[in-house]
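Read off the chains here:
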Amino acid sequence: MDSQTVADASSTRRSLESSSFIPRIALAGTPNSGKTTLFNILTGLRYKVANYPGVTVERREAELDIPGFGKAQLVDLPGIYTLFGHSIDEIIAARYLFGEPDSKLKGGISRPPDLIVAVVDASNLERGLYLATQLIDLGTPFLLAVNMIDVGERRGITVRAELLSRELGVPVVLLVAQKKTGISQFQQVLPQLLASKANGGEGRAKFSWCPSAEFRDIAHEIGVLQRKQQLGNSDGRPLGTASGGLIATIGVGLLSGDITPADATVGVRVEEARKELQSKGIDASQFEAEHRYRMIESVVRRAVAFTSEQIRDRTEAIDKILTNKFSGSIIFILIMWLIFQSVFTVASYPMELLDTLMTGFSRVVSGFLPAGRIRSLLVDGVIAGVGSVLIFIPQIAILYFSIGLLEDSGYLSRAAFLMDKIMRRFGLQGRSFIPLLSSFACAIPGIMSTRVIPSFSDRLATILVAPLMSCSARLPVYTLLIAAFVPNRYLFGFFSLQGLVLLSMYLLGIIGAACMAWLFKKTLLKGLPSYFVMEMPPYHLPSPIYALRNVWDRIVLFVKDAGTVILACSIVLWFLASHPLTEQGEQPPLRESYAGTLGKAIEPIITPLGYDWRIGVGILASFAAREVFVSSLATVYNLEAEDGESESLIAALRSTGQDNGSPTARYTVATALSLMVFYCFACQCMSTLAVCRRETGSWKWPALMFGYMTVLAYVLALVTYKGATSFLAL
Amino acid sequence: MRPPLTLDTLRLGEKAEISGISTQDQSLHRKLLTMGITPGRHIEVECKAPLGDPITVRTQASSPLAPKMNVSHGLSLRLTEAQAVRITPRRTAAC
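As given, the protein sequences belong to chains A and B, one line each in that order. Note that the first sequence covers residues 1 to 730 in the numbering used here. Note that the second sequence covers residues 1 to 95 in the numbering used here.
Derived by calculation from the structure, the hints in this document are not laboratory data. Any given hint could be a false lead.
What the hints assert, rightly or not - With a straight-line cut-off of 30 angstroms between C-alpha atoms, the simulated DSSO-like cross-links for lysine-lysine are:
| id | chain 1 | residue 1 | chain 2 | residue 2 |
| --- | --- | --- | --- | --- |
| 1 | A | K325 | A | K180 |
| 2 | B | K48 | A | K421 |
| 3 | A | K700 | A | K560 |
| 4 | B | K48 | A | K522 |
| 5 | B | K15 | A | K560 |
| 6 | B | K15 | A | K521 |
| 7 | B | K15 | A | K228 |
| 8 | A | K179 | B | K48 |
| 9 | A | K320 | B | K48 |
| 10 | A | K560 | B | K48 |
| 11 | A | K521 | A | K600 |
| 12 | A | K526 | B | K15 |
Note that the coordinates shown come from a computational prediction; the quantities given were computed from them, not determined experimentally.
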């Protein structure tokens, strides 16, 4: 920059500082370009993470102190490939960058950011530049950060920053964000760019890719119309501070059919314009993409150097091993088994630790307070409730850490690639595999990890059937009932009957999930877009720090959103189980509490399934957590809570007589089978519902989940009981 | 006139030129264009999954005079999605 510009910049800065203008910097880029790493470096730990209103897309922002300038706000946009995309991430990002009509704001529209920094991956230049040049067209002050130049060099690619800068007409810095290379240079360029915005620098529409002036003019005209209709302005001029480039870009999106017209007026004009262009040989639906890529090709040819022998890094060699039929499948199974074991087994240590801590804490609190309702509320309601939220954290952390490593290393795409065909038979897709596998340990982290599935309908299908994977909380229920009622016999000498029944329950869950996913895809989710097209990035050594960062964000959001719902439900359940108080003002026995009364109230409904009010209470209590079934039954039989596995509860179950006093066994094998089928399919985990709501952004999906699973559980348990008693005489 | 060839028929290691995209699925259409599957560019099948589906392809610049510039990640897509991409084949021999 010449001395005149620098002088102007500093004088403007001085006048700005007095008006406390805090510019907003938008950080944009393709997924896996290292954008997040850059954000983390610039902001340290000082960022806030929250949701964009009404959707499940996350927004991270932080206030920065830029040396040589002052305060600025940095917003990390979701990773996107284009401004015209159809995924929720791309729509949200585009809205932020275009400015969104909002009648409550001054000018009727939110201000676009003051500076756009685009991060592109040097080894994926073409796609990165596709997005970057779209952003440049918007006319906002712009900085291009070419990241991962080390990976680029390994693949024989050398980016010439000065040449690239001249070709695109924007400043360019080269980075290796992970190693903090180039960061200081990046920070030096920022103040100059922020000052230039303050000068009112709104670029002319660049559109250097566009070979047809007519196309550009029509796009601009349509963009103006769209804005006018959105803002309700009648004098024909666009309100707000939108530059010509931004308006024309909106117009291009309308012409290609990717942006929705604000109303019929715009819609009609768009159709006319398309026909007009068609008559001149221009196919509006692909004109921009085709010519933009042509421009990018010539830019790359001029600004990037390639070594004469194309150096192939180890990615292709590794892929030969990891994606072929034999070694690929074996390695895949090994890695999946490793993840499953971690979530299932390794997590149990911190979980037990948490459990002990919570129990200890309750004892301490109990010691301080006199017996009574307050103590009961605090200890059995609040602390137990908080404990039931915290207990999920180790599993969530381990699963997310594993997924973070897989994603960073590049293997996640390969896993999805291998599994896609099989999963598709059941209405799911390749990326559904890991979430469903984790759900065998616990559906909470499983459902949260469906974030890796970009298509909403596939993600929804996966979320809806994830609870059917028999989670570890069902195991105590299965174990108790099998021990009490399934004879300890062996088929053909060595197949344990009890083991087979247990296995069947797991298989039943899997078959149920496959059928329901297929059904959902054919009915409810039919027609929603779902594509698989996915990049296969080069392999590289994953960064544990990156994975840990990811875990932290997820846990914070889990506790904030799902955590509050779970806590609320725990308190409600505590209330039902410990009231109404007896005449002495003490906690009633379970059978006389509200919970017990409810159990008796639902008895007529559950009798056809072979249950009575005792099991009814157990089922109701299971809404806190499925394994509570065991301890609540023990309580019903007035046993100590820890006697769940003991002979005494099993004996008590077997010896329960009929209601009319006759000693004939009330519960039989048929009861046990029916109850296990019920538990397999019933939606009894309020935590699952809370997480489902969080991940889908609405209560209607958890409601559907609850509804279909309850119906399924009831009907199948009924069929099991009737079938077992009538046909198998059990 | 033969019906147009589509990407799902391209064999491993074969190269072709993209002539266009035809699909009713608007999102798929947009996605393919965004990822660089645009008329005039070249495309090659790199890898197939064990069951033959999905496949991995690589898109490249169109000019035959340019050295083989590998500036994009591989792209995997289902055969049903590859069917939407119309191609004209080229010889696999160096040209």
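Please flag the earlier hints that this structure goes against, numbers listed from lowest up. 1, 5, 6, 7, 8, 10, 11, 12
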